[in-house]
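As given, the protein sequences belong to chains A, B, C, D and E, one line each in that order.
Each residue of the first sequence is one higher than the last, beginning at 58 in our numbering.
Each residue of the second sequence is one higher than the last, beginning at 84 in our numbering.
Each residue of the third sequence is one higher than the last, beginning at 8 in our numbering.
Each residue of the fourth sequence is one higher than the last, beginning at 142 in our numbering.
Each residue of the fifth sequence is one higher than the last, beginning at 746 in our numbering.
Just so you know, the hints here were simulated from the structure itself, not pulled from any lab data.
Just so it is clear, the structure is predicted and the values come from calculations on it, not from any experiment.
One or more of the hints may lead you astray.
[Said to hold, decoys possible] Now the stretches of chain D that chain E is said to cover, found in silico as 3 or more residues with beta-carbon under 8 Å:
id : segment
1  : 156 to 164
2  : 168 to 177
[Stated by the list, open to error] List time: in silico SDA-like cross-link candidates among lysine to any residue, alpha-carbon distance up to 20 Å:
id : chain 1 : residue 1 : chain 2 : residue 2
3  : E       : Lys831    : E       : Phe1054
4  : B       : Lys202    : A       : Met58
5  : D       : Lys280    : D       : Arg228
6  : C       : Lys280    : C       : Leu315
7  : D       : Lys278    : D       : Met244
8  : D       : Lys278    : D       : Lys176
9  : C       : Lys280    : D       : Gly297
10 : D       : Lys176    : E       : Gly795
11 : E       : Lys1093   : E       : Ser987
12 : E       : Lys887    : E       : Ile820
13 : C       : Lys199    : D       : Ile211
14 : A       : Lys82     : B       : Ser110
15 : D       : Lys150    : E       : Phe1054
16 : C       : Lys326    : C       : Val127
17 : D       : Lys176    : E       : Leu794
18 : C       : Lys199    : D       : Lys280
19 : A       : Lys82     : B       : Lys202
20 : B       : Lys177    : A       : Ile139
[What the hints assert, rightly or not] Where chain A lies over chain B, by a calculated footprint (3+ residues, C-beta under 8 Å):
id : segment
21 : 87 to 98
22 : 104 to 113
23 : 123 to 129
24 : 143 to 154
25 : 188 to 197
26 : 228 to 235
The beta carbon of each residue, even a glycine, is placed where N, CA and C say it ideally should be.
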Amino acid sequence: MFVNQFLILAAILFCIGVYGVIARKNGVMVLMAIELILNAVNLNLIAFSMRNGSVDGQTFALFVIAVAAAEVGVGLSLVLLIYRNRRTISLDDLSEMKG
Amino acid sequence: MLIAQNIGFAIIAAIMIIGAIRVVTTSNVVHGALWLVVVLAGAAAQYVLLAAEFVAVTQVLVYIGAVMVLFLFGTMLTRSRIGRDSGLNNTYWKLGIPVALALFASMAIALVDSFGSEKMPTDGAIVNTQQISDQIFGPYLLPFWALSFVLLAAVIGAIVLARKD
Amino acid sequence: MTILNDPVSAKLGSRQQLSYIASQAADARLNVELETEGMTLNIGPQHPATHGTLRIIARLDGEQVVWAEPSCGYMHRGYEKLTEVRTFPQVTSLINRIDWLGSFANEVPFILAAEKLMNVEAPPRAQWIRTILFELSRIANVSLFLGDLGVQMGAITPVFLAFRDREYVLNLIESATGGRFHPNFDRIGGLKDDLPAGWIDETKVVMKKLRNFCDEIETLLFGNEIFQSRTRGIGVIPRDVALQYGLSGANLRASGVDWDLRRDQTIPLAYDKVDFKVWTHPDGDSFARCWVRLQETREATKIVDQLLDGIPSGPVMAKVPKIIKVPEGEAWVSTENPLGEMGYYVVSRGDLGPFRVKIRSASFNNISITPWLLRGVYVPDIITILASLYFILGDIDR
Amino acid sequence: MAQLPGLLKGLGITFGTMMRTFKNGSNTVQYPHEKEAPPVRARGVIALHQDNCTSCMLCSRSCPDWCIYIEAHKELAPPRREGGKPRQVNLLDRFDIDYALCMYCGICVEVCPFDALFWSPEYEYSEPNITDMLHDKTKLSEWMETVPEAPALEVGADKKKK
Amino acid sequence: MNTLLGVVIPYWGQSLLRVLGGLVAVLLPAGTIVYVFLFKMMSFMQSRLGPMEAGPYGSLQLVAEVGKWLQKEDIQPTNADKPVFKMAPIIVLMSTFLLVVVVPFGPDAWFTNLETGIFYALAVSSISVLGILMAGWSSANKYSLLGGLRAAGQLIAYELPMVLAVMGVVIQAGTMNLQQIVVAQNAGSIFGINTFGNPYVITQFVGFIVFMIAIQAELTQAPFDMPIAESELVSGYMTEYSGFRFLIFFIGEFATAGVFAMIASTLFLGGWGVPFSWFGWTSMDSVSNWMNIVGPLIVFTKMMVLTFFIMWVRFTYPRFREDQLQRFAWKVLIPVSLVNIMLTAVLKVMF
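Let's have the full structure, built from the sequences with the hints guiding it.
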């Protein structure tokens, strides 16, 4: 197993995630793309953990997972709030700066 | 055994990439979430390949068991319809393709340049769960506490945001 | 005003228009107050909770009901019209089928009304047997309710216990009348036949079993903390609301109104000869309704026991002509049926059959409270409230 | 016992029922293998005693859903006594009861002035085809064998009947 | 697991044995539970006999039922999201198969011996939520959607007390490996008395009760069966399923009951083991080889005892309301299990 095969897979996922963040209008879909990015990062962390034979990578991956869970919780409640107030979760319609 | 691992990696990686592409291209929010589940499960499988059993299980527990269920819950509550959903993409969504490709190209060049054909250590020490816990509750105790506060803040924030009044 | 000019509502008939407007208004209120999108859930016409073909249109916000309306008539059989082309003996066989669980009790008020018109009174023995069978059909009816209550709340065992013990009562009714469900035993002027030998002793044994069944149900369901938490304080009908909506029977008594036609009116039945307690409950919630019914079942077994001890001897049929022609006139008789007050307003023009019969059935009036009662409750509570209101579909859609 | 929470007592009830079923057997019967005898008065099926029927049509007319079909013709029968006049009798051509329509009210049996119709507690005559539920007079006569004696009446009943 | 009873088994044979063993470990408990409890025990509790015609005492009824379901038409609603609709039951059943993988059946009779065994079990048990949500959403039916949402809320809420209840065991055993938990229970002793080993049902009684309540809810059995409440939601997320797919849901329901009961018996009742002192064993290595044969039977027996309680409660109780259920989870079960964890940790440190 090469080190690179994992890293390049992570890079592909990362780029797909970036594309998703740019291309998507729907708030939930953008959150999902962010999840993709976070997973790409996790994959890198774990791969390096194995390459270096240290535990740090896995520990950090656990931290990232926990933070991602928190992020999704807040993000989804934001999306729900927006949906409730505006009847839409399209992010473009939220450009105005007043409530 | 290494051949088996490489074949396994290839299959899982292919599924993950297809799944990831479907996440960002599908026209139905729930389908997107389900494809994301495929990607996350694939990631868990890759962690197992990388001998990170505990993280893999945590990935399944947190991501598939909680985060994705939350996603599906949220999308169902916002009454996503069965069938195609228009207006999921921005008007300038095509801009994302060159950006992503350029980003990938630069990353790939950097990765190939720095790691080349370096192999994973085959006799590396297997990390067991106890080591992880020693790490978290030892040197990383402070980040762990900070993370706990982040989670607490997130829980409170989510409740405050989602409450009707 | 936009609602009234709505193109959809203009196409509908006046009655549908009203309910359409109401639902639109509910939508508007929903969107303003709660800021979420509502959902219309049709409970029924084919739904296990409505024990028949009743449809409850409920507009929900999440799992909370914002507006609900029963829509009945899916099983309408036109009994009032059918009676106009039947002779008096034939009518009894039809009205058995109104409240099919307590069918003997349906015959009694009609026959009493006809007897009132003809100025005949059944001999005392017939009155006593009528009362016994009346109470037996009450037991058969309410014991099924007690079992069904569990099923509506997810407990599957009580209903089988109920069917087990109800079977004894049905066997009694069958051995006396020949019909398990539709006795058709009442005749103008008395009863079709006397009781078969050994029936009284058998009935006493069965009454003991039934009391035992009531104890079992009380332990299994009423004492269960989950059941109590599902029913206590749910679907409260205050006393004045219950009176305003014209509730009757156990639903009314559970709201604290001490009103029982068995005791409060003089009709040629043997209720004045026995000593029984009319159970009431001050709470008016689902638990109270169920509890009152349970106590009434117990009380009914005691009534039957008392009646069996003092049954007079003599004929069971008064002297009436072979071909019955009811003289001209109008009569109203209502009795305390298992479901509540059931009455018949019989108009006769001196023919073989009635000219017009108006049936006041208990369930139809009892479910009229559902729009008031279901507002603001959760979906699971709809089920418990409907179960505790206890209606029989045949009794709603006559 | 009174202090036990209702949840445990409820478990006791179901367990007790299970034990009773183990010991005393169930309250149900395994139908095709064992059968419960219906009571004597049970309204199972209507039997026709052809000789008594005068085809007076009373039953047919009083039936609330008109499921009795009678056709008859008149015939001269030999006199009962020697040298008497030949009697005119109604001979039954058709006496059908459509059990797909019948609602088992028993009015026909009751109105019959000549005791030609009887209730039998027999109940096993369902058919896969609804048209087979129409019983003609031979079939109805066969049910006569199953008609039981009327039961004795309860104490205190008025003995004279009809 | 290279050798079983002294016979060397090649790799492919091991894989085949694992697959077959997995099928047996899932389907056999499911079938037995359905026949013994759903058909027979429920009938006896309702003073009837249950199926009696197919085979002696109706024992082949199950075959008839499966045949019936297989024959039925596989109906898909017109508006349903077909791929998701088809996938949903498979995911529910898959979660069961993934779950049984970590249950140990004997000293050498296991499928995998994961270091994080019980953690893994808790993780994969949550996969079935996905299947249920998919089924509820894709059926294009309001009742199904409500049922799916209820199921998701309920399963997530009850996963927490379950995890916390398990935590007490993990603290006491000092390991997440199920095999070692079994050994710790059977080789241990309570206050020096080692006749019965140390089944955690005694020391972790609170945890055991909380765990049993939580699995009752995870299995959506009464009194927690709101997601499939037939009198309210007309079987909820399963409403639109018929034929083979319904059969999969049905098997999944009872197989999961069996597997959860196996896990509970492993955690609290000593799993495949008997108290080691009976046979003079001291550790894992000294356990006789015949336990590989007897062990599965012991697990099976304990599983049946626990499922008896699950089913007994199911046939007796009426169901909660959704908010009562959540309140029960958050206000009763979670605090109780947290206190249990604290006490266990304190006691563990003290002794």
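Now for the hints, and whether the structure bears them out:
Restraint check on the segment 156 to 164 of chain D versus chain E: 6 residues with Cβ-Cβ distances below 8 Å, three needed, restraint holds. For the segment 168 to 177 of chain D, the assignment as covered by chain E holds, since 3 residues bring a beta-carbon within under 8 Å of that chain's beta-carbons and 3 suffice. Our distance criterion of 20 Å between C-alpha atoms is broken by lysine 831/E and phenylalanine 1054/E, whose separation comes to about 33 Å. With a CA separation close to 6 Å, the supplied pair lysine 202/B and methionine 58/A stays within the 20 Å bound.
A hinted pair counts as satisfied when its Cα atoms are at most 20 Å apart, and lysine 280/D with arginine 228/D does not qualify at roughly 28 Å. Under the criterion of a C-alpha separation no larger than 20 Å, the hint pairing lysine 280/C with leucine 315/C is consistent with the structure, at around 12 Å. Proximity of lysine 278/D to methionine 244/D is assessed by CA-CA distance (about 19 Å); at most 20 Å being required, the pair is judged to hold. With a C-alpha separation of about 27 Å, the suggested pair lysine 278/D and lysine 176/D falls outside the 20 Å cut-off, and the hint is violated.
Taking the CA atoms of lysine 280/C and glycine 297/D, the gap is near 18 Å; set against the 20 Å cutoff, the hint holds. Using a Cα cut-off of 20 Å, the hinted pair lysine 176/D and glycine 795/E holds, with the two alpha carbons roughly 17 Å apart. Distance hint between lysine 1093/E and serine 987/E is unfulfilled; the C-alpha atoms sit about 51 Å from each other, more than 20 Å. Between lysine 887/E and isoleucine 820/E, the direct Cα distance comes to roughly 17 Å. Compliance with the 20 Å bound is thereby established for this hinted pair.
The straight-line distance between the Cα atoms of lysine 199/C and isoleucine 211/D is roughly 26 Å, outside the 20 Å bound, and the hint therefore fails. Taking the CA atoms of lysine 82/A and serine 110/B, the gap is about 12 Å. The hint holds against a cut of 20 Å. Only pairs whose Cα atoms come within 20 Å are accepted, and lysine 150/D paired with phenylalanine 1054/E is accepted, the gap being roughly 15 Å. Using a Cα cut-off of 20 Å, the hinted pair lysine 326/C and valine 127/C holds, with the two alpha carbons roughly 8 Å apart.
Straight-line distance between C-alpha atoms of lysine 176/D and leucine 794/E comes to about 15 Å, which keeps the hinted pair within the 20 Å bound. At roughly 27 Å between alpha-carbon atoms, lysine 199/C and lysine 280/D are farther apart than 20 Å, so this suggested pair is violated. Between lysine 82/A and lysine 202/B the alpha-carbon distance is near 41 Å, which puts this suggested pair outside the 20 Å criterion. For the hint pairing lysine 177/B with isoleucine 139/A, the CA-to-CA distance comes to about 26 Å; that exceeds 20 Å, so the pair is violated.
With a threshold of 8 Å between beta carbons, the proposed coverage of the segment 87 to 98 of chain B by chain A holds, since 4 of its residues qualify and at least three are required. Interface restraint, the segment 104 to 113 of chain B with chain A: holds (4 residues with C-beta to C-beta distance below 8 Å; minimum three). Residue count for the segment 123 to 129 of chain B with a Cβ under 8 Å from a Cβ of chain A: 3. That meets the three needed, and the coverage hint holds. Evaluation of the coverage hint for the segment 143 to 154 of chain B: fulfilled, as 6 residues show C-beta separations to chain A shorter than 8 Å, against a requirement of three.
By the rule of at least three residues with a Cβ nearer than 8 Å to a Cβ of chain A, the coverage given for the segment 188 to 197 of chain B holds, with 4 such residues. Under a criterion of three residues with beta carbons nearer than 8 Å to beta carbons of chain A, the stated coverage of the segment 228 to 235 of chain B is upheld, 3 such residues being counted.
When the structure is compared with the earlier hints, violations turn up for hints 3, 5, 8, 11, 13, 18, 19 and 20 and for no others.
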